[in-house]
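2 protein chains.
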Amino acid sequence: MTSFNVGLLGHGTVGSAFHTLLEERADSIEFSTGMRPELSGVLTRSRGEFSDILERSDLVVELIGGVDPAREYILAAIGAGKHVVTANKQVLSQHGEEIYEAARQAGVQLRFEAAVGGVVPCIRVIHETLAAAHIDRVHGIVNGTTNFILTRMTETGASYEDALAEAQQLGYAEADPTDDVNGKDAAAKMAILARLAFRAPVHLDDVQYEGITHVTAEDIEYAKDLGLSLKLIGTADRRNGGISVRVHPAFLYPGHPLAAVNGPFNAVTVESPAITEITLSGPGAGGPQTASAVLGDVISAMIPPPTLPPPATDIPLVRDIESAFYLYVEVADRPGVLARVAEILGLQGVSIKSVVQKGLGEDARLVMVTHPVLESRFRAAVELIGGLDFLRSRPRVLRVIEEQFEVPA
Amino acid sequence: MTSFNVGLLGHGTVGSAFHTLLEERADSIEFSTGMRPELSGVLTRSRGEFSDILERSDLVVELIGGVDPAREYILAAIGAGKHVVTANKQVLSQHGEEIYEAARQAGVQLRFEAAVGGVVPCIRVIHETLAAAHIDRVHGIVNGTTNFILTRMTETGASYEDALAEAQQLGYAEADPTDDVNGKDAAAKMAILARLAFRAPVHLDDVQYEGITHVTAEDIEYAKDLGLSLKLIGTADRRNGGISVRVHPAFLYPGHPLAAVNGPFNAVTVESPAITEITLSGPGAGGPQTASAVLGDVISAMIPPPTLPPPATDIPLVRDIESAFYLYVEVADRPGVLARVAEILGLQGVSIKSVVQKGLGEDARLVMVTHPVLESRFRAAVELIGGLDFLRSRPRVLRVIEEQFEVPA
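Taken in order, these protein sequences are the chains called A and B. The first sequence maps to residues 1 to 409 in the numbering used here. The second sequence maps to residues 410 to 818 in the numbering used here.
Heads up, incomplete: computed chain A residues facing chain B, CB under 7 Å, no partners named:
(1) V119
(2) L196
(3) Y222
(4) G242
(5) H248
(6) L252
(7) T276
(8) G282
(9) P304
(10) P305
(11) P316
(12) L317
(13) Y326
(14) R399
Distance condition first, Cα-Cα at most 30 Å in a straight line; then the derived DSSO-like pairs of lysine-lysine:
(15) B/K762 x A/K224
(16) B/K767 x A/K224
(17) A/K358 x B/K633
(18) B/K633 x A/K353
(19) B/K633 x B/K593
(20) A/K184 x A/K224
(21) A/K224 x B/K633
Simulated restraints on C-beta separations:
(22) A/T33 x B/Q578: 44 to 54 Å
(23) A/G287 x B/R465: 52 to 62 Å
(24) A/S159 x B/A751: 27 to 37 Å
(25) B/S568 x A/T156: 36 to 46 Å
(26) B/E731 x A/T213: 22 to 32 Å
(27) B/I712 x A/T156: 43 to 53 Å
(28) B/E506 x A/D363: 50 to 60 Å
(29) B/T411 x A/T33: 22 to 32 Å
(30) B/K762 x A/A165: 27 to 37 Å
Derived from the structure by calculation, the hints contain no laboratory data. Built from N, CA and C at the ideal position, the CB exists for glycine as well.
Please model the complete structure; the sequences and the hints are all you need to start from.
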């Protein structure tokens, strides 16, 4: 067994989640790469020695955050010929060119999917899928904290202060939310995306940014009247032969790909003439999600990506599955009709979630939504209902996907 | 100069768009890969000889579609040691295992991003980004024709037949729409996604599918009453130790990541415990978009993906850019106030798109949205407005992103 040694710098929320995930997925990674990832050492403020860890590692994962000492560790690892994976938007948006150039000189890999967009693979898509495309613009909601706050202000009419307090209570905002709410966090991420999209050396200082602390409930209310929704939008685009990179609260018309991105979600839209546009969205980063993006980078550094699907293994196909259903029946409007339909459903174990009777007399209809039930049992019930003499037409059936994704209240 | 020879099978809508795009992007591809892509030959029904083209090619692009003769051509190209890029969902969903195994034996690449999801890079994301993740479910709107029809039925109350006729008129549905509207096209795509997500040999015949031809305007109307929206949803998920793959019309609750995907768009949501979920969305495939996905695959086959950002080139930063603005002013309610504000805006070249006066007397406010204008000019106007004696507080300014993305009517 070949092992692949990973040195871990930092053991906070993301670092410890990465540690756990690496151990959980080690068997699966060994199966698909032929190498077993092993933790060669962990550096925290109180334990570990950087030079020891470096010497024992094939790759260094930097999850300390901030500029110093992260920058020195990353450059030292590159200088020692080690691959580097980082989630550090501060250091990349301020010292990216120095770090990329050092990695190029040393011939090592430098990966940073986790620095931008939470679980959303926007780095890989811009960097690889769109490698040959001429990108005109990148729009992003790249800060989950501010998107949560603006969503709550919109939904409940809350003030900025109340929505921030709620975000802090739910863990979507830190005790000191300064860099989130003033737009600086989003600005760092947009600098990194702009660097990749346009191959221009964009520095954090090049990004004009504005936060959401001055947004009032009234602004949001008026915008609603105009049919607009307010988001903290990062934009990087080509303008007059140059590029512009900025972050500011902006109103979006309905139908804009980012207008429906609510709660602590991140989303990035990339526009290019060849593809029109692609939008990627998903939850903003919590510890486990960021750790998962970091692990994806580690695996990409271990082996080149597959160039065709891996061999298949047989997994049984399940055909009769549970689902919720919509059932529509046109009935004669007379006593006992609903009771008879409900009885048949009940005998097959179909439980009704909601029922509405529409119309009267010759026009009476029942519209029902069931709780999840095995399709075979539901179909059996519909067959029986279809035979009832008070039906005016065949029952109509459609599926209902019952999950509700809602912003926690 | 090294050239990289690409043989093109098929010269229909996608094939000719690919031909054009390859020539347009050849310089850029040569710059980033060090190899110049050259068309080594084109096979159509009336011209070209397959064996000649094969001999002269490093890679074969198959855009004929359908099972025969596409399958034989693909297998012959693989057998001759050539890489293959295809957009052919039929052949992959019915003969995928045979083709993947042949490519594995021959040690060549087989890429097919364009077979599923239009411009949405769902193959690459499942195959590479999520290579280490345990995927629980893939949900997709993978047929733009049916999504357009259902969207129009929802928006206008049109019947299925009328919405289909409109889709045909706008080029979103073919003259013979059978495989789109009966769910078979989506089923083939879900078979391919399920194969990648679960590494199970899923065949088109394993997919239970149902189309939208029986959906009525009434179903959609009732669902609206229940707060649901109807989509043709492909689902591949783990169930009872096995997997289930199916396509059917299904109602979604608001907030579901696919509920807001309207018009001729495609979207795919991937769920995994580590990442929660990722949603990718974009326009369904037209000729140029599919060609762009094919070209992305060709470039990936030419060189391994980059492992760090390429060197940057200097591009000027533009700071003063055009934008539309929202302007909110609290004013004394007396004659001439709006005229005075409008005059100042007009002198700076700011043109007003909409204005609403709210409240009366001491509570009067003007809420305006401008047409796009240089930020410096708008700020100058706001500075002047801020000095007017009838203002009751500082003017408030936010940006408006003016693009409206709407389903063509």
